[in-house]
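Q: Sequence:
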Amino acid sequence: MTVSVLALLTLAACGTEPGSDDGSGTVRTGRPVTGVHWNVDSVTVGGKRTAAPDGAHVTITPDGRATGNFGCNHFTAPVRVDGDTVTVKPATTTEMGCEKDLQQFERALSRTFSGRLTAAAAEKSLTLTTAKGDSIAFTSEPAAPLVGTTWTVTALVSGSAASSLPAGAGKKAQLRFGKDHSVQGSPGCNQIHGTVTVSGSAITFGRINGTKMMCPDPQMKVERALLAILDGRATYRIDHRTLTLTAADGEGFSATAPAPGK
Numbered sequence: 022m023t024v025s026v027l028a029l030l031t032l033a034a035c036g037t038e039p040g041s042d043d044g045s046g047t048v049r050t051g052r053p054v055t056g057v058h059w060n061v062d063s064v065t066v067g068g069k070r071t072a073a074p075d076g077a078h079v080t081i082t083p084d085g086r087a088t089g090n091f092g093c094n095h096f097t098a099p100v101r102v103d104g105d106t107v108t109v110k111p112a113t114t115t116e117m118g119c120e121k122d123l124q125q126f127e128r129a130l131s132r133t134f135s136g137r138l139t140a141a142a143a144e145k146s147l148t149l150t151t152a153k154g155d156s157i158a159f160t161s162e163p164a165a166p167l168v169g170t171t172w173t174v175t176a177l178v179s180g181s182a183a184s185s186l187p188a189g190a191g192k193k194a195q196l197r198f199g200k201d202h203s204v205q206g207s208p209g210c211n212q213i214h215g216t217v218t219v220s221g222s223a224i225t226f227g228r229i230n231g232t233k234m235m236c237p238d239p240q241m242k243v244e245r246a247l248l249a250i251l252d253g254r255a256t257y258r259i260d261h262r263t264l265t266l267t268a269a270d271g272e273g274f275s276a277t278a279p280a281p282g283k
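Here my numbering runs 21 ahead of the position in the sequence shown, where the first position is 1.
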């Protein structure tokens, strides 16, 4: 969406030469602009400012499209760039039912993300303004690093299928990778610690030691699954604040990092 331009303008403000539009709406520059996560701070319509709910964001994809969340529903949209003028084409969104306040915010945000917009950017913030003076304010947020982050397991993955954790096991499984090539935390019940070697997108787990307590079945089920994954070599991917780790047999898990300052 508009973020392609915004990221480009941010780079330009830092001394990067402007990119060019290849006719598809994709911006070409000497420095990558994909992978930038923009949190929506607020939307101002008719002079009334409304703070954005947690989770409202826009991220640039490598194919020049913008994806994100309006506050409840996810969206994707193409854009057309001409200098600091951004023409936003209609977005495709999911159609989940949302609470009344979220629905009102989504309508305001989606309506403002339309037609011709003017972009202005600073180092870590940007604003999109319509011809009527309505605007959207954004702040960039860095991706969570693998090391030093407390990752809370949210789902188990098997091939292309993901399943949420069973009732009673949520938020109990957490892992933290250290600068000293260590891993520690809890896979759901017991406390564990061990060694890891990280090379590129691969993690090789050494011996994992831990306590031997027995816990309720939901926690033990998750723990057994995670310990099987934390055995030997696995690959990982970080998408902003979500970690996906997959073992050689296709079994894995996804985990999330807390927002900055939390």
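None of these hints come from the bench; they were simulated from the model.
Backbone N, C-alpha and C define an ideal beta-carbon position, used for all residues, glycine too.
Take the hints with a grain of salt, since some may be wrong.
Capping the alpha-carbon separation at 20 Å, the derived lysine to aspartate or glutamate pairs in EDC-like fashion look like this [said to hold, decoys possible]: (1) K145 to D122; (2) K145 to E116; (3) K193 to D238; (4) K242 to D201; (5) K233 to D260.
The following label-pair restraints were derived from C-beta to C-beta distances [to be verified]: (6) G67 to T265: 39 to 45 Å; (7) D84 to V168: 40 to 46 Å; (8) S184 to A141: 20 to 26 Å; (9) A249 to D84: 32 to 38 Å; (10) A249 to R128: 56 to 62 Å; (11) G67 to H261: 52 to 58 Å; (12) S179 to A72: 37 to 43 Å; (13) S184 to T108: 39 to 45 Å; (14) R258 to K233: 15 to 21 Å; (15) D105 to A182: 40 to 46 Å.
Q: Would you mind marking each hint as holding or not holding in the structure?
A: Okay, the hints, checked on the actual structure:
Proposed proximity of K145 and D122 is contradicted: the alpha carbons are some 28 Å apart, above 20 Å. Distance restraint check for K145 and E116: the Cα-Cα separation of roughly 31 Å exceeds the 20 Å cut-off, and the hinted pair is therefore not satisfied. Of the supplied pair hints, the one linking K193 and D238 holds, its CA atoms being roughly 13 Å apart against a limit of 20 Å. Of the pairs offered as hints, the one joining K242 and D201 is violated, with about 29 Å between alpha carbons and a cut-off of 20 Å exceeded.
Between K233 and D260 the CA atoms are separated by roughly 33 Å; this puts the pair beyond 20 Å, and the hint is violated. Restraint check, G67 to T265: a C-beta distance of roughly 42 Å satisfies the suggested window 39 to 45 Å. Evaluation of the 40 to 46 Å hint for D84 and V168 yields a failure: the beta carbon distance comes to about 30 Å. The hint said 20 to 26 Å for the Cβ distance between S184 and A141, and at roughly 44 Å that hint is violated.
A hinted range of 32 to 38 Å for the beta carbons of A249 and D84 is consistent with their spacing of about 35 Å. Between A249 and R128 the C-beta distance comes to about 46 Å, which lies outside the given range of 56 to 62 Å. In this structure the supplied range 52 to 58 Å is violated for G67 paired with H261, their Cβ-Cβ distance being about 32 Å. At roughly 39 Å, the beta carbons of S179 and A72 sit within the given window of 37 to 43 Å.
In this structure, S184 and T108 meet the distance hint of 39 to 45 Å, their C-beta atoms being roughly 41 Å apart. The beta-carbon spacing between R258 and K233, approximately 32 Å, falls outside the hinted interval of 15 to 21 Å. Checked against the given bound of 40 to 46 Å, the beta carbons of D105 and A182, roughly 44 Å apart, stay inside it.
Consistency note: the structure conflicts with the earlier hints numbered 1, 2, 4, 5, 7, 8, 10, 11, 14.
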